[in-house]
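In the order they appear, the protein sequences are chains C and E.
Everything in the first sequence is counted per the numbering used here, starting at 4 for the first residue and increasing by one.
Everything in the second sequence is counted per the numbering used here, starting at 4 for the first residue and increasing by one.
These are calculated hints, taken from the structure and not from any lab test.
Any given hint could be a false lead.
Which copy is meant is left open, because identical chains are indistinguishable; a pair holds if it fits in one copy or across any two.
Claimed, not checked - In silico lysine-lysine, DSSO-like type, Cα no more than 27 Å apart, as pairs: (1) K377 <-> K31; (2) K406 <-> K204; (3) K407 <-> K370; (4) K336 <-> K431; (5) K196 <-> K386; (6) K377 <-> K243; (7) K31 <-> K370; (8) K370 <-> K336; (9) K31 <-> K336; (10) K407 <-> K383; (11) K377 <-> K249.
Model, not experiment: these values are computed from the prediction.
Protein chains: 2
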Amino acid sequence: MKIQAVKGTRDFYPEDMARRNFIVDGWKRASIRNGFLEFDGPIFEYLAMYQQKSGDEIASQLFAFEDRGERMLAIRPEITPTLARMVNQRINALPRPIKWFSVPRLCRAERPQKGRLREFFQWNVDIIGVDDCLADAEVIFCAVDYLIEAGLGSDDIVVRISSRRLLASLLEYFGIEESQLDKVYAVLDKKAKVPPEAFEKMLEEAITDADKRVKVMNLMAAETLVELEQFAGNDENAKKAVDELKRLFEYLNVMGISEFCTFDIGIVRGLAYYTGIVFEIYDKSQQLRAICGGGRYDNLLADFGGPKITATGMGMGDCVLGIVLEEKGIFSKAAVNGVIEYFVAYAEDALRNDALNIIAKIRRAGKIADFSYKGGGLGKQLKQASAAGAKQCVIIGQEYSQKKLILKDMIKGEQVEIVESEFLGQLKNAD
Amino acid sequence: MKIQAVKGTRDFYPEDMARRNFIVDGWKRASIRNGFLEFDGPIFEYLAMYQQKSGDEIASQLFAFEDRGERMLAIRPEITPTLARMVNQRINALPRPIKWFSVPRLCRAERPQKGRLREFFQWNVDIIGVDDCLADAEVIFCAVDYLIEAGLGSDDIVVRISSRRLLASLLEYFGIEESQLDKVYAVLDKKAKVPPEAFEKMLEEAITDADKRVKVMNLMAAETLVELEQFAGNDENAKKAVDELKRLFEYLNVMGISEFCTFDIGIVRGLAYYTGIVFEIYDKSQQLRAICGGGRYDNLLADFGGPKITATGMGMGDCVLGIVLEEKGIFSKAAVNGVIEYFVAYAEDALRNDALNIIAKIRRAGKIADFSYKGGGLGKQLKQASAAGAKQCVIIGQEYSQKKLILKDMIKGEQVEIVESEFLGQLKNAD
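Work the whole structure out from these sequences, hints included.
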């Protein structure tokens, strides 16, 4: 029986795992220093949870199954519904603001392609209970803070920012009905993703009135907030939305990342649940999907049976990010974990038990130690140590009759004799 | 819409996540210092992969589903088949011995009960390509090394060790046919898990010949390796198996963990694929399932279409272990990650942007920083800092007109004035 991996999934051999850990460990560090606490939920939930509020794209990509009690379940395609469920369950006990992060494994039944797999990891950062766009600024800062630490600069990446609230108020101001908004958002979200003709055709289907359509086309060509103010005219809602965006950019400036950030009316986001500021982060040099996307979702907790509480957050997957880190040469820093600190070699088989005894003590002292199962000549073992990248070798030879070891520095090539008890004592005091 | 979590799954709120991380981080540290490299596979594989070699218990507990291409898939109930698949795929490229570990999330469709959930994490450690029972000793050492670091001693836990090879040779020596062995193993595995009468009844069904059954019952009452040698008589295979066990215990002694280890003929292991030494680790004080189990599986790679290569390994789940760590009071050490190093407070709203600027710089320097969204009086903010467990407060007040900050030690209560640039310079040099 020879079975393959399922297409669209990944095997993480140690060198692949090192890259995944390089990404995930960085995500965790950035979250923690930005004041977020880690949470996680189950890998599967009730199917119904994902069918209502995830937007059509995700709902059509669920891996669903039935358990023995005939309950319909699904592997999670995103973690935000789980977050809403968990927060709602303890809404009165949790101190606010809630600043949580998670690094869930997610699955979507889509066709595998560049930057998109059927199984991936996604960093999620959310702030619940803060109305002010300072929270949106903090979410964006956290994402950029990670990307800078990973080695990317403002020449590499750009944060494109807009506002669903602004778009909604302007579209309504143009005479498009509220009930039509979700349909129009879905089309506008495709603007940068499909050819101009295809976009125009989709827009024609969504907005049948030619006058309104021209207004929308003009709006989508706006490049600055100043232009937006002109579109807003005297509409109070639109003016408020522009003011909010201005305040957001001021915060981003104060936090020192304005060189990464730009206004872009074309950022709409595919998911149905966004209500305010929305953003996406892109690699500047390539035609890749967004590295990261997020925004404000003020209705989601209520949609899941809780109170209406404001929230904002973002998600960053590991697939597009991985492509960027690879192409920038940043992944070369991701070393396989566990560089051997002490490789224990023994001059003859009779000393193997002594070697095992010392290895066990080094490991118990918290240091990384390994040895050769095969044994054989010392030269062969030292070669193996060198191939494994060991920093030091502990050699057990004839000196061991006086309980002495040879300690060989594998980088400098120097070696010293040391009394066993002294060596073991040093290990424990080393850190 | 108010939806619950699925029964048998867990929500990890930050305090639960801290406990999960306490366990998982410890597993990873122990693996790395024992010379293992991390790997992982997909969360789902082809269903067929789990139906052949996992043993009936696991095969009946699969969460299976169909993808859009009508392929039958299943969420992984264990990672060993994935390991076999991955190693087989690169069998000629991977240097041996292969010493790998993984901490997979696994799902099994079983009835939730104490120490058993439908979703859990399991530490796996495997050594592939080493025939000698030194590899089995190293796997056992690694598990015990972790448990000692976690805070458990030989008063708390015991490693019960036996040998499938020994059992097989003795059962065959008693006249039980090889084709009957799997059935008999499954019964013997239940000895300590069901009442004596139930065990006897099961054995009667598995071994109809009364003479043979009496021999097996006597064998299962043996308590030492010396007794086993008497059972072995002149049977070469049985004698070899006893010798191997003796050598294993010598290794465990040399590695300094013999006080944790005992021979127990009743250890058989449920899974069909074990072929040699088998072991389970138990909490001494309670009637819990095994904390950990493992053993040698010499045919698994070949069963998955690869060459016949010897292997040994173990798995340790987080559920039973979690119960033990809780009851021993060890979980109290598991702190929620991210104790705030600097809480930045501002004396008036006009200084909030300056506060944001400093927070961003502290975070960019890799330190954990947070602040109050609400602001309000300084006293209120300091109270919030204290409630959040912040170590130090950075206060931005009237001194900031001369670019000076107040640094308040929240433990000692002392405070000093410091020039902003000096404070920021110190951050970068701190580690």
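Here is what the structure says about each hint:
Taking the closest pair of Cα atoms, K377 and K31 come within 27 Å of each other only across two copies (26 Å); inside a single copy the shortest separation is 40 Å, beyond that limit. Neither within a single protomer nor between protomers do K406 and K204 lie at most 27 Å apart by alpha-carbon distance, with minima of 84 Å and 58 Å respectively. Only within a single protomer do K407 and K370 lie at most 27 Å apart by alpha-carbon distance; the minimum there is 20 Å, versus 44 Å between protomers. Taking CA atoms no more than 27 Å apart as the test, K336 paired with K431 passes between copies only; the shortest distance there is 21 Å, against 29 Å inside one copy.
Taking the closest pair of Cα atoms, K196 and K386 never come within 27 Å of each other, the shortest separation being 54 Å inside a single copy and 49 Å across copies. In this assembly of identical chains, the alpha carbons of K377 and K243 lie at most 27 Å apart only when taken from different copies (21 Å versus 74 Å within one copy). With identical chains, the CA atoms of K31 and K370 are at most 27 Å apart both within one copy (24 Å) and between copies (13 Å). For a Cα distance limit of 27 Å, the shortest separation of K370 from K336 qualifies both inside one copy, at 22 Å, and across copies, at 22 Å.
In the homo-oligomer, the alpha carbons of K31 and K336 lie at most 27 Å apart both inside one protomer (17 Å) and across protomers (20 Å), since each shortest distance falls under that limit. When the C-alpha separation of K407 and K383 is checked against a cutoff of 27 Å, the pair qualifies only within one copy, where the shortest distance is 21 Å, while the shortest distance between copies is 62 Å. In this assembly of identical chains, K377 and K249 lie within 27 Å of each other by CA distance solely across copies; the values are 20 Å between and 68 Å within a copy.
Violated hints, in rising order: 2 and 5; the structure is consistent with all others.
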